[in-house]
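S.K.: Here are the chains, one letter per residue:
2 protein chains.
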Amino acid sequence: MTYCVGLKLDKGLVFMSDTRTNAGVDNVSTFKKMHTWEVPGDRVITLLTAGNLATTQAVISMLDERSKAPEDRNPSVLEAPSMFRIAAIVGEVLKEVIQANANVGQKGDSSFSATMIIGGQIKGMDPRIFLVYPEGNFIEATDDTPFFQIGETKYGKPILVRAYDPGMGFEEAVKLLLVSFDSTVKSNLSVALPFDVQTYETGTLAAGRHVRITENNPHYKAISDNWSDALREAFVSLPDFRFGD
Amino acid sequence: MTYCVGLKLDKGLVFMSDTRTNAGVDNVSTFKKMHTWEVPGDRVITLLTAGNLATTQAVISMLDERSKAPEDRNPSVLEAPSMFRIAAIVGEVLKEVIQANANVGQKGDSSFSATMIIGGQIKGMDPRIFLVYPEGNFIEATDDTPFFQIGETKYGKPILVRAYDPGMGFEEAVKLLLVSFDSTVKSNLSVALPFDVQTYETGTLAAGRHVRITENNPHYKAISDNWSDALREAFVSLPDFRFGD
Numbered sequence: 001m002t003y004c005v006g007l008k009l010d011k012g013l014v015f016m017s018d019t020r021t022n023a024g025v026d027n028v029s030t031f032k033k034m035h036t037w038e039v040p041g042d043r044v045i046t047l048l049t050a051g052n053l054a055t056t057q058a059v060i061s062m063l064d065e066r067s068k069a070p071e072d073r074n075p076s077v078l079e080a081p082s083m084f085r086i087a088a089i090v091g092e093v094l095k096e097v098i099q100a101n102a103n104v105g106q107k108g109d110s111s112f113s114a115t116m117i118i119g120g121q122i123k124g125m126d127p128r129i130f131l132v133y134p135e136g137n138f139i140e141a142t143d144d145t146p147f148f149q150i151g152e153t154k155y156g157k158p159i160l161v162r163a164y165d166p167g168m169g170f171e172e173a174v175k176l177l178l179v180s181f182d183s184t185v186k187s188n189l190s191v192a193l194p195f196d197v198q199t200y201e202t203g204t205l206a207a208g209r210h211v212r213i214t215e216n217n218p219h220y221k222a223i224s225d226n227w228s229d230a231l232r233e234a235f236v237s238l239p240d241f242r243f244g245d
Numbered sequence: 001m002t003y004c005v006g007l008k009l010d011k012g013l014v015f016m017s018d019t020r021t022n023a024g025v026d027n028v029s030t031f032k033k034m035h036t037w038e039v040p041g042d043r044v045i046t047l048l049t050a051g052n053l054a055t056t057q058a059v060i061s062m063l064d065e066r067s068k069a070p071e072d073r074n075p076s077v078l079e080a081p082s083m084f085r086i087a088a089i090v091g092e093v094l095k096e097v098i099q100a101n102a103n104v105g106q107k108g109d110s111s112f113s114a115t116m117i118i119g120g121q122i123k124g125m126d127p128r129i130f131l132v133y134p135e136g137n138f139i140e141a142t143d144d145t146p147f148f149q150i151g152e153t154k155y156g157k158p159i160l161v162r163a164y165d166p167g168m169g170f171e172e173a174v175k176l177l178l179v180s181f182d183s184t185v186k187s188n189l190s191v192a193l194p195f196d197v198q199t200y201e202t203g204t205l206a207a208g209r210h211v212r213i214t215e216n217n218p219h220y221k222a223i224s225d226n227w228s229d230a231l232r233e234a235f236v237s238l239p240d241f242r243f244g245d
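Protein sequences, first through last, are from chains A and B.
Residue numbers for the first sequence follow this note's numbering, beginning at 1 and rising by one.
Residue numbers for the second sequence follow this note's numbering, beginning at 1 and rising by one.
Heads up, a few of these hints could be off.
Intra- or inter-copy, both count: the list cannot distinguish identical chains.
[As the list claims (entries may be wrong)] Calculated cross-link-like contacts (lysine to any residue; reagent style SDA-like; alpha-carbon spacing at most 20 Å): (1) Lys157 x Ser228; (2) Lys157 x Met1; (3) Lys186 x Asp126; (4) Lys11 x Glu233; (5) Lys221 x Arg242; (6) Lys157 x Ser190.
Keep in mind that the hints were calculated from the coordinates and are not lab data.
These figures come from a predicted structure and were not determined experimentally.
Take these sequences, add in the hints, and give me the full structure.
M.R.: Here's what the structure looks like:
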């Protein structure tokens, strides 16, 4: 499986993805599921992918136009006039790749489906985040629902819903995402470290910090080690339940 | 969907179930998913059910032998020599009911499947809890895995894993389950109040407390209202994340 989150803050955007891919539990690999395109001063776009690895890699290659010589490449994500149009392009490519595999050749046990989060900013417009479905359509994050999750979304959702605040700084948002990812990693073997983090500060039109967080990251270790105790203390601090009154 | 948990404590057993059943989101009802058989001084057995309502109700009716006149009923769960044998009986009945519906008549969109938790104590033996699969086989809770969840298990699992302690009292265990159920109710519309709670104290061979917890239960309200704040405080208490060191 996979776990990826794209989050909208007042200050900008934060993206986090895990790196585990698996075919069953006996065939496990590490692949980056985050891809960033940048034209400094004009646009920064980050894509998170969940689903069939052949599908997601094909989508990124097609968006990159890697079938052409480097000098002939003219990726439309770098030229599209708006984030809405970019989400539509990603959706079209994704739908095409899935359909190309779905109806021909041998039938596999697993599906060719994939889901993606795409977000970023283009000069003169606001930053936006979209969730793109395998059918090619998409929805946009709003103030009511300021983040999207894809992959194994359930374990990490309660803390996101409760502790997210649009006024958070980038480091606080990464801390929140680390708690959400840590809960997921502890419950689902198909989500695993290292994690990729990408931030984008509104208006800079340049990629923000990119960090790869490994098991040895001292901040991650401190957060992970302390979260169990903090949760237990939170539980103890709650009012008691009593039968019969 | 459904959410049910059966929990083993040093002091005994605790069971909790929600009451929402749904066929789509536009056909929602309230049904009890907890059933207790008691022969004071000899045995107490509690069954929790998740899955197709026609299947789970049929299983309970068959276990109860409701097709016979009351004076002729001789439910085997009240006579079986061990909890292991009772789990096997539940499994056999469950498998039969599913198979009887699965291969005849009109095909429905939804499956006839169901999963059950059965636990209790028979005189002279230890209390035991089993998880019974739709295939009719089953597994038993051990010290390593002292609880079973069925239905929508993911949202409520992280707090159970982290705050469960076998030395807990019944009221503390119910408080823990309320937090776990509250997280689930807040994330999945197909799990809802009221909740049924049943406790069993080891060695008593008599049913313990049964409580139905509604939205107006003051303890539930206090726990639910305070959990968001407690979680946020737990999050704030964690060490900070910093980029670049």
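S.K.: For every hint, state whether the structure bears it out.
M.R.: Here is how each hint holds up against the structure:
1. Lys157 x Ser228: both (16 Å within a copy, 13 Å between copies)
2. Lys157 x Met1: Cα proximity of lysine 157 and methionine 1: in one copy and across copies (16 Å, 18 Å).
3. Lys186 x Asp126: neither (36 Å within a copy, 31 Å between copies)
4. Lys11 x Glu233: neither (31 Å within a copy, 23 Å between copies)
5. Lys221 x Arg242: between (37 Å within a copy, 13 Å between copies)
6. Lys157 x Ser190: So lysine 157 and serine 190 pass the 20 Å test inside a copy (17 Å) and across (17 Å) alike.
Checked against the numbered hints given earlier, the structure breaks hints 3, 4 and satisfies all the rest.
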